[in-house]
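Full structure from sequences and hints, please.
Number of protein chains: 2
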Amino acid sequence: MTFNPVPFTQVTLNDSFWQPRQLVNREVSLPHVYAWLERTGRVDAFKLQWRAGDPNPPHIFWDSDVAKWLEAAAYSYADFPDSQLETLMYKVIALIASAQQPDGYLNTHFTVVEPGKRFTNLRDRHELYCAGHLIEAGVAHFQATSQRTLLEVVSRYADLIDATFGRAEGQKRGYPGHEELELALVKLYRATGKKRYLELSQYFVNERGLQPHYYDLEARARGDDPAAYWARTYAYLQAHAPVREQTEVVGHAVRAMYLYSAMTDLARETDDESLFRACETLWEHLTTRRMYVTGGIGSSGHNEGFTSDYDLPDLSAYAETCASIGLVFWAHRLSNLTGESKYVDVLERALYNGVASGVSLNGRGFFYENPLASLGNHHRQEFFDCACCPPNVARLFASLGQYFYSTDGAEIAVQLYGQGSARIGDLTLQQVTEYPWDGRIRLQIETSKPASFKLHLRLPGWCTSYRLSLNEQVVSPTLERGYLCLQRKWHSGDEILLDLEMPVVYLRSHPLVASGVGRAALQRGPLVYCLESADHSGVSVHHLMAPKEASAWRVEKSTDWESVITLQTEGLQFDASAWNKSLYSTQIPTTQPASLTAIPYCLWDNRAPGEMRVWLPLETR
Amino acid sequence: MTFNPVPFTQVTLNDSFWQPRQLVNREVSLPHVYAWLERTGRVDAFKLQWRAGDPNPPHIFWDSDVAKWLEAAAYSYADFPDSQLETLMYKVIALIASAQQPDGYLNTHFTVVEPGKRFTNLRDRHELYCAGHLIEAGVAHFQATSQRTLLEVVSRYADLIDATFGRAEGQKRGYPGHEELELALVKLYRATGKKRYLELSQYFVNERGLQPHYYDLEARARGDDPAAYWARTYAYLQAHAPVREQTEVVGHAVRAMYLYSAMTDLARETDDESLFRACETLWEHLTTRRMYVTGGIGSSGHNEGFTSDYDLPDLSAYAETCASIGLVFWAHRLSNLTGESKYVDVLERALYNGVASGVSLNGRGFFYENPLASLGNHHRQEFFDCACCPPNVARLFASLGQYFYSTDGAEIAVQLYGQGSARIGDLTLQQVTEYPWDGRIRLQIETSKPASFKLHLRLPGWCTSYRLSLNEQVVSPTLERGYLCLQRKWHSGDEILLDLEMPVVYLRSHPLVASGVGRAALQRGPLVYCLESADHSGVSVHHLMAPKEASAWRVEKSTDWESVITLQTEGLQFDASAWNKSLYSTQIPTTQPASLTAIPYCLWDNRAPGEMRVWLPLETR
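In order, the protein sequence lines correspond to chains A and B.
Numbering follows the working numbering, with no gaps: position 473 of the first sequence is 473.
Numbering follows the working numbering, with no gaps: position 146 of the second sequence is 146.
Since the hints were made in silico from the structure, they are not lab data.
Any given hint could be a false lead.
Same chains, same names: a pair is fine if it fits in one copy or spans any two.
[As the list claims (entries may be wrong)] Taking lysine-lysine and the DSSO-like style, the derived pairs with C-alpha atoms no more than 27 Å apart in a straight line are:
1. Lys-449 / Lys-489
2. Lys-172 / Lys-195
3. Lys-172 / Lys-117
4. Lys-187 / Lys-91
Now the structure itself:
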């Protein structure tokens, strides 16, 4: 069962969870990020006016920041054409085009800061990574506007890269140090139909990690000692072994997700069973060993990536926003390739938690890191020197609709729930629901003529009990690969009511995940909850204990945010003074009653700054 | 109350815990380490025969490995003069002396591998660190043999360093990138009485972290960009701020301990109150935020050091053996400077657990890292490329007696317990005890004539109840700075019986130490216990739960090791299959009864290889 996502331009969200975020993304984040790109010199870098000795040289990853913004802008424009945005996009595209060299080369850093060093340090210098983001922007702009300006610019650059790299005589046998170009080339192939882009992507993926190792040769050619590589191991960039021999998710988490996404794309486009098997193995390893309950991935700031199995500290979690976005990308590809809902379960977990936490409700603050506990010193920032996350969130939110529905033409799958509608061919599907605040979903079908197809309704992994009725008659669907399936001839006005029971549950972590032992994570529907100082004045949230049974939590409307559901209960507050003088004590802390209020993890740090905790110690008595 | 340690040459240990380790250290580890030093070219490096293009160039830290072995050999020789060892020491010393340059310079790496680059990269290249270890070896050899050969060699080198570094015109204002020389210079000052060595140590400590930053200037002088520093921050080597302004233990843990040891030495030698205050603040931070229950320190392998407060993962703990040894050094200095027993509590914790675990019972295997849980893949090795730990353990064990007793002349303090004797001036103190296996300690005094002094008996921090009698009469001592004090005129034959109650206790960690939440560490006396696969066939030790009350554990003699006490109880084994497909599950695992056997942490991985766990989940029912 292989699906294609229904494009976001066919999908409208008017729910209370995502629609406000999409609105803020469009009206606040996009201009905000652009202002920062301009203020920091990233836009003007394309003028190529920097000269040795000038301050603020174009950095090796700047091009990608601008490209990701442009991609986000194009998605936004596709849904909400806006002449101001159109003008701005043209201005930026003209600048980018003006920076293209006669032979097609297009990179501000190497053109002005390190001329002559082009393609000499793929390992460290993000050159092909930037190329990938430019290509994604070119494809997005073309799809949004049918204008080929940027598409042609990036195609010329892709042609140069295609001529430069490969296994033919005189070509370099290199591949991206920071993966990204691989998945971009698949998009370029799909947009242009030119098979050589697909083949170039295949080459990059297949060449990765072969011996003799390109990064060894490349380092020696620069006069560097390969053994002096700062990251010490090519596992940092998933080049320690050929990709089909990789069985563990390792290294820099964003790089890993972009590579695995490309591998999944190629497995699909070329029917490559061995690539798909590698993806399955890596997925299994990620989700059973190295993923936070929020869908955050990459525990350590050291390598911005993976460490060892079960090493998922809460307080010091890195869990970069971009890595969870990358996980969404990968899970989306796998779910559509296989038709398996288990991938959407992880996609949903990452999207509603680890990704949504990455941006403030006002659209002006961003987390780079998304820890699962805080001592009160972690807050969103307006921008970063390494600014990957803000435009990455922007492009995801601007194209969010594509994750909700998929189809193979004959069949339709509802992968995510949320109020809104989708046009799929001749058909319109309406969702009326308060999801994720409530599990009741009404699906209405509008069609000009009756149509036979199998409707797939995802049964979320978190749901253990549901009721399904069609036109007010209870029906018994088949369960296929995690979807409730109804095959029939559908008529306009058909109405399905899916009632997903959405109790408050405690998730318990694998016994080797230290941050979860003796604790539970509170979840309701797709949302992981946390305790935050703003609801607990006068007591550290780290000194609160939750009741033994999840059913002791009450579902209550938030008084701070419209539509939001908080969870409340009576728990205990313990006395931590035994540890004032030492980390260890023989004393069992005394306790007293305390009221607990939990909010969705993705909403923390949107009120008064303070502490936060996801994994809650449970009362033992 | 300021004490001086009673030298190890005055102290004899004939207990069942340390004496066998000292014996193995002398008879197995010392020859074993030497063989590896030779086999790997570290000894021959002093012949200065390496030429460009040859394999195996002398590494920047090789000299320190040889020096630490020599220091250990000297200590061993002092207690057990042995002509074979004497001959070997002379051979090595002659080699070292032959490598000294006409101006006193003495470093194999810079002499043959990077001639001309002497003292141009203090930040990264371990040059002054090696100098410190050579000096410590020179002092140790002099004290053991009264021979001045090596002492004079290293004094000449120290003179060159003294002439090179300082604040005078034409001198370099540098200081060691890897601290060590600072404390070595204090030893050299004490051995030679030459004050300029003390002043040089003061200079190095006071200069550290000042602005303009020496490592910035030094990098630029090499043509390097200071911002490209691989460790990113001078906190890595405790040079981010002047030492008196440092309030948090940061960076590479061994470096930190050696610096703080030197700061404590200087605070003592120069009555420097501000240095002492800095040490107190750093100590408080270390012990209330960043120390494992085993006395291990430095959570992360990335920087071999400290990360963030409460970040003490068990499975991925780095907790380098050398760092715990450094903690013993520092705690020893603070305990003698202040007369406070709280420092000895930490010293004892580190020594019996995080240090003792560093070497196998057969003396041929070494841990570099000392995690608090293992999946079964962590085992001691014969040697390491970075070989700091084996000779560091060897020198500590060979001089262990110095940690047991201290005196200020008029008063005598028993800091550690263990069967054996000490000669202190005219007096001999005998300890008859099974400590650490039993808390009953009989102290006998032998003296040629009655002597008046205050005897300090440390009341260990782990002990909450004791009985003390003198000549079979119960006495009530005063409690001073953690010591039970008896002031009287002592006669030969006086006998004290100190009975320290030594129940099995559960230590509970600060609620922010994730690896301890919902779990307890089992401790009896100074020993932290663990579960190991060898005692639990057919079940993962990570799936065992301990009874709610520590009193449920029975004290039993080990059947595997003589004298060793194991702890046994009936607990539960839980079914972890709920997490086979995901790290997170709503299921509460089912349990069944299981027998648990705990062994001292320091003994794990001495039988069949397998899993290990210190922090034990507790039954909740």
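Status of each hint after checking the structure:
Taking CA atoms no more than 27 Å apart as the test, Lys-449 paired with Lys-489 passes inside one copy only; the shortest distance there is 10 Å, against 111 Å between copies. Within a single copy, Lys-172 and Lys-195 get their C-alpha atoms as close as 20 Å, which meets the 27 Å cut-off; across copies the closest is 63 Å, which misses it. Proximity of Lys-172 to Lys-117 under the C-alpha cut-off of 27 Å is restricted to the intra-copy arrangement: shortest distance 14 Å within a copy versus 36 Å between copies. Taking the shortest alpha-carbon separations for Lys-187 and Lys-91, only the intra-copy value of 24 Å comes in at or below 27 Å, while the best inter-copy value is 69 Å.
In summary, the structure agrees with every hint in the numbered list given earlier.
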